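A.B. asks: Whenever a hint applies, use it, and build me the whole structure from the sequences.
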Amino acid sequence: MSAAGKSNPLAISGLVVLTLIWSYSWIFMKQVTSYIGAFDFTALRCIFGALVLFIVLLLRGRGMRPTPFKYTLAIALLQTCGMIGLAQWALVSGGAGKVAILSYTMPFWVVIFAALFLGERLRRGQYFAILIAAVGLLLVLQPWQLDFSSMKSAMLAILSGVSWGASAIVAKRLYARHPRVDLLSLTSWQMLYAALVMSVVALLVPQREIDWQPTVFWALAYSAILATALAWSLWLFVLKNLPASIASLSTLAVPVCGVLFSWWLLG
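So that you can map any letter, position 181 of the sequence shown is 181 in full-length UniProt numbering, and since no number is skipped, the others follow by simple counting.
Hints listed in this document are in silico derivations from the structure and should not be mistaken for laboratory results.
This one's a predicted model, so the numbers in the text were calculated from it and none came from an experiment.
Any given hint could be a false lead.
Unchecked claim - Derived DEER-like restraints, expressed as beta-carbon distance ranges:
1) MET155 with VAL200: 16 to 26 Å
2) GLN207 with ARG121: 26 to 36 Å
3) VAL17 with VAL200: 28 to 38 Å
Think of the CB as a built atom: it goes at the ideal place given N, C-alpha and C, for glycine as much as any other residue.
C.D. replies: The structure is reproduced here in structure tokens:
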């Protein structure tokens, strides 16, 4: 990737917008756990997100041709079902700030996966960063103080980060083999596949009855339109225009802002 590609101003702007959208989304994701099950909310979020994306796709005259099925399904399972579903499940018993921090271990998994599967060479500083991240993860987890509920939430959050990291590698592979893939179509179709999978999961897994309070509607609107339809489109655009390791490491501002929002609004 050229130096110009690494400093793509549109991609950098997309990361800034992503940081703001995703940081605040953790507040809604936590608040809504008092009224709706994790899988029900994730399924509805994906359904409405897919609906918004396909409406935009039609209005822009892009056509409805599906993107490469194997890659699109893998992104749907890892990025949307895996990351969002596991993170939402973790929030049932975990705090928004801590879950956000553990989910955003994603950049460090991406650095490792990119070295293993994409041939992106690890620099000396990145080895040190991974070591520091591992120590930091241990300090955040504090396994010596965790009960079962806390450990379950922490492991789900970490797995959401691993899943998200793996999806970034799949996306980079897709861009390498299909460089002209339409990002809006890719986001729309992977969201549709994720909506179908999460709907099945929501039907099969027993959950609390939905309490249709205004918070649920506000959370769905924000999550489906901004945090899902818009933000995941931006994320795939950023991944296409920046190296995987740089794009992922740049998202570390999200959990920091998420913790600040959680402290301010949730106490």
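A.B. asks: Please go over all the hints and tell whether each is borne out by the structure.
C.D. replies: Hints versus structure:
no. : hint                           : in the structure
1   : MET155 with VAL200: 16 to 26 Å : 23 Å, holds
2   : GLN207 with ARG121: 26 to 36 Å : 45 Å, violated
3   : VAL17 with VAL200: 28 to 38 Å  : 32 Å, holds
Of the numbered hints stated above, the single one contradicted by the structure is hint 2.
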